[in-house]
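Q: These are the residues of each chain, in order.
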Amino acid sequence: MSSDRPAAGKKAGFAYGVRAALPLCVALVAFGASFGVLARANGFGVMAPIVMSLTTFTGASQFATVSILGDGGGLGAAVVAAILLASRYLPIGLSVAPVLRGSRAARFGQAQLVIDESWAVANRGDGTFDRGTLLGAGVVLYLSWQAGTVAGVFGGNFLGDPRDYGLDAAFPALFFVLLVSQLKSREGAVAALAGAGIALLLVPFTRAGVPIVAASLACFAGWWRR
Amino acid sequence: MAVLIVGAAAMALKSAGPVVAGGRELPPRVLPLVAALAPALLAAFVVTGSFSTGRSVVIDERALGLVAAALCVWGRAPLLVAVVAAAAVTALARLV
Numbered sequence: 164m165s166s167d168r169p170a171a172g173k174k175a176g177f178a179y180g181v182r183a184a185l186p187l188c189v190a191l192v193a194f195g196a197s198f199g200v201l202a203r204a205n206g207f208g209v210m211a212p213i214v215m216s217l218t219t220f221t222g223a224s225q226f227a228t229v230s231i232l233g234d235g236g237g238l239g240a241a242v243v244a245a246i247l248l249a250s251r252y253l254p255i256g257l258s259v260a261p262v263l264r265g266s267r268a269a270r271f272g273q274a275q276l277v278i279d280e281s282w283a284v285a286n287r288g289d290g291t292f293d294r295g296t297l298l299g300a301g302v303v304l305y306l307s308w309q310a311g312t313v314a315g316v317f318g319g320n321f322l323g324d325p326r327d328y329g330l331d332a333a334f335p336a337l338f339f340v341l342l343v344s345q346l347k348s349r350e351g352a353v354a355a356l357a358g359a360g361i362a363l364l365l366v367p368f369t370r371a372g373v374p375i376v377a378a379s380l381a382c383f384a385g386w387w388r389r
Numbered sequence: 045m046a047v048l049i050v051g052a053a054a055m056a057l058k059s060a061g062p063v064v065a066g067g068r069e070l071p072p073r074v075l076p077l078v079a080a081l082a083p084a085l086l087a088a089f090v091v092t093g094s095f096s097t098g099r100s101v102v103i104d105e106r107a108l109g110l111v112a113a114a115l116c117v118w119g120r121a122p123l124l125v126a127v128v129a130a131a132a133v134t135a136l137a138r139l140v
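Protein chains in written order, with the working numbering: chain A, 164 to 389; chain B, 45 to 140.
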């Protein structure tokens, strides 16, 4: 499976990122559309969901915001839920910081293209990331998400429920394929087991988003043994 | 209002690392930490994406999709095939 991720020490580049992100385009358009549909149904109008996709660009936080407010939850509850779901971008952002170069504004802009999927395909497996892949995949996924949102806001529910097409299973499948090549090293396998264990154990007891950000602490497993 | 707050928060969370520490090499001691972050988070994405709905741990049709993806990896199929197979198997399982 080494062909599925940028090799350590090798430049994979923008085109590779575009290609790696293509399998997820359909899923992102479909979930973007269902976000647009839900936002409209919950009374957010046309502009707010589009602006939200352009700025927030992290599906889970967006769904949480419009569904909590739509169900009559308060502003505070919606914002807290969305921030918990986005909290994983703190460690994720730190991990890609070395490859995001340029002025402060340029780094800020590039960082907005980082989402779980673009981060995952740009990972070289040795603690470094491929800048071109990160940006290539990020652009494709960003455009897919915007196209889906606009389609959902204006076109309504023409695509149906993405779950009917199994598209919710596309994301864990991508992460699984990218995970497998990381399991060859002992440290990788330990971190994966710890991360999966922490996440599953916390699911019943914490709010959405917490299991993921807590799992990032699993990278400390084995670190102090060096 | 919520849209603006959440948008600003997400942008801040994503860019905090790159804006503060962007473009600088990591100290060698931290590299193994970042290397271990990927498998830890990827595994967490896999298990929460496949085996949880809200606050419940569940085994449903998505588990079959994950098995399909695993078989594709085992057969050295490309990424695209594994992703499509997982979606297709999950969709079919939901039909029956």
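Incorrect hints may appear among the rest.
Label pairs and their calculated CB-CB ranges [what the hints assert, rightly or not]: (1) B:Glu69 / A:Phe383: 28 to 36 Å; (2) B:Ile49 / A:Gly265: 22 to 30 Å; (3) B:Ala52 / A:Gly176: 28 to 36 Å; (4) B:Ile103 / A:Leu185: 24 to 32 Å; (5) A:Ala269 / B:Leu48: 41 to 49 Å.
For the record, the hints were derived by calculation from the structure and aren't laboratory data. Where is the CB? At the ideal position from N, CA and C, for every residue including glycine.
Q: Which hints, by number, does the structure contradict?
A: Per hint list: 1 and 5 violated.
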